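> Letter by letter, the chains look like this.
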Amino acid sequence: MKRRSPLITLLVGAALAIGLWIASMVAASPAPAGSGYGASGVPAATGSTPSQTAAPSPSGPTSPAAGPSPTSSGVLLGRGNFAGMDADGGAAVAIAIHNNSVIAYFCDGRAVDAWVSGAAEGGKLELTGQRGARAEISLGSGLATGWVMVNGTRHMFSVSMVHAPSGLFRSVAIVHNMKIKAGWIVLGNGKKIGSLEVDPDSAAPVTGAAPPLNLTTLTAVDGGVTITAMPVDGDTGSGF
Amino acid sequence: MTAYSGPPAYTPPPPPPPAAAVDSLAKILVVPSLIGCLVALTLGLYGRLHHATGIAVSIAGFSSPGAVKTWLATGAAVFAIVQVGSALVMYGKVPGITAPSWISGLHRWSGRIAFLLTVPAAVHCLYALGFQDYSTRVLIHSVLGCLFFGAFTVKMLILPKRGVPGWILPVVGAIVFAALIIIWFTSAFWFFSTFGVHR
Numbered sequence: 006m007k008r009r010s011p012l013i014t015l016l017v018g019a020a021l022a023i024g025l026w027i028a029s030m031v032a033a034s035p036a037p038a039g040s041g042y043g044a045s046g047v048p049a050a051t052g053s054t055p056s057q058t059a060a061p062s063p064s065g066p067t068s069p070a071a072g073p074s075p076t077s078s079g080v081l082l083g084r085g086n087f088a089g090m091d092a093d094g095g096a097a098v099a100i101a102i103h104n105n106s107v108i109a110y111f112c113d114g115r116a117v118d119a120w121v122s123g124a125a126e127g128g129k130l131e132l133t134g135q136r137g138a139r140a141e142i143s144l145g146s147g148l149a150t151g152w153v154m155v156n157g158t159r160h161m162f163s164v165s166m167v168h169a170p171s172g173l174f175r176s177v178a179i180v181h182n183m184k185i186k187a188g189w190i191v192l193g194n195g196k197k198i199g200s201l202e203v204d205p206d207s208a209a210p211v212t213g214a215a216p217p218l219n220l221t222t223l224t225a226v227d228g229g230v231t232i233t234a235m236p237v238d239g240d241t242g243s244g245f
Numbered sequence: 006m007t008a009y010s011g012p013p014a015y016t017p018p019p020p021p022p023p024a025a026a027v028d029s030l031a032k033i034l035v036v037p038s039l040i041g042c043l044v045a046l047t048l049g050l051y052g053r054l055h056h057a058t059g060i061a062v063s064i065a066g067f068s069s070p071g072a073v074k075t076w077l078a079t080g081a082a083v084f085a086i087v088q089v090g091s092a093l094v095m096y097g098k099v100p101g102i103t104a105p106s107w108i109s110g111l112h113r114w115s116g117r118i119a120f121l122l123t124v125p126a127a128v129h130c131l132y133a134l135g136f137q138d139y140s141t142r143v144l145i146h147s148v149l150g151c152l153f154f155g156a157f158t159v160k161m162l163i164l165p166k167r168g169v170p171g172w173i174l175p176v177v178g179a180i181v182f183a184a185l186i187i188i189w190f191t192s193a194f195w196f197f198s199t200f201g202v203h204r
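Residue numbers (the working numbering), protein chains in the order written: chain A, 6 to 245; chain B, 6 to 204.
Note that these hints are calculated values from the structure, not bench results.
Since the structure is predicted, the reported quantities are computational estimates derived from the model, not experimental observations.
Some hints here could point you the wrong way.
Stated by the list, open to error - Across the chosen pairs, the derived CB separations fall in these ranges:
# : chain 1 : residue 1 : chain 2 : residue 2 : range
1 : B       : Ile-86    : A       : Ser-163   : 31 to 37 Å
2 : A       : Ser-143   : B       : Val-36    : 39 to 45 Å
3 : B       : Arg-142   : A       : Gly-213   : 40 to 46 Å
4 : B       : Tyr-51    : A       : Gly-213   : 49 to 55 Å
Said to hold, decoys possible - Pulled from the structure, derived: some chain A residues nowhere near chain B, Cβ distances all over 12 Å:
# : residue
5 : Leu-144
6 : Val-177
7 : His-181
8 : Val-230
Stated by the list, open to error - So these bits of chain A aren't anywhere near chain B, every CB distance computed over 10 Å:
#  : residue
9  : Ser-10
10 : Gly-18
11 : His-160
The C-beta atom is built at its ideal place from N, Cα and C for all residues, glycine as well.
Isolated chain A (complex conformation):
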């Protein structure tokens, strides 16, 4: 072993770190939207593995600029969907995480439902929605655990990760001159629970059971009108 080679190892690492740090500052500066990850390549000072620079430029963020804003201090957790029944067993919860954006939905298939969303700040998800809806969720071991507060009532839950075709679906449409917003949660076992709000932006929308959702066509029929649903999927970024 040459006597200076450990020092060279250290200095190469330090140079690599400084190079990446500068690239990060460039990536985090207000850049044109599109690539939510900033620079897509790693400017390696040591000529590192070619697989990094040969990969197609961001294959991940094909969704419209849904990436985190440069000034947010969000945590980039990953992508995933969670769904399951709440602790009481009376309602379902679905959570979709796409980079550091989170959308969650709680519904009992009848008159109680709530949409909440937010940024994943520091690994703990603190989400808010209309009419005082709130949720606090933490992730670990394939589970999303926490509570959602709807109409002043707190509902605890611990739901597991799910994959397509299970997950969260949403439809916003105009039916008979009224705006409606429907949400469906498809559980891991295939069971579907959905609620529909009429006039969702008002202070007291009328909420009831959602019409059954056809997963093949992603449509449902409300009041004789066919509405289309879109998946709210953290893996693909759909619905974000």
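Based on these hints, arrange chain B on the given structure of chain A.
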């Protein structure tokens, strides 16, 4: 008058007091240790004081920056295991295997690769997330992340020094290895178990 009985027997000088041996060991270790502490402290302070942006440079072809760091960390952990294995062989601790001539080269290069893989993950972590303590998992990760680079610095600075007792290097190496494995458990293992093993 006494008979001349020959030249006086040679009496060797008294051995140096043990304090001198401890003294020189401290001299060997103190500068690398201080530099290592400085590295760890600098990383921790930067992580704490820098306003985490949520964004840093990333690598294409992965599903998310979290996945990038997870795989980098896993690669580093694999090479670190090669490191420890080769160290055991080098020190003759593996029964039945004699150290081949290339073992020290394997040890050095697996170490270098492991270290260099950790650098992009650490830069991203520090820049985008910062030093966090909102849960035990991230607190341990933040603390050990800083400690890992400090300990690695100490190991690199001690290696070329002469007169280092034989037990120092394995101890420092063990600290570096243990820190990296715990860092992997608090991050990559958590990521895999929460989001599944995927690109």
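> Hints numbered earlier in the text: which of these fail when held up against the supplied structure?
5, 9 and 10
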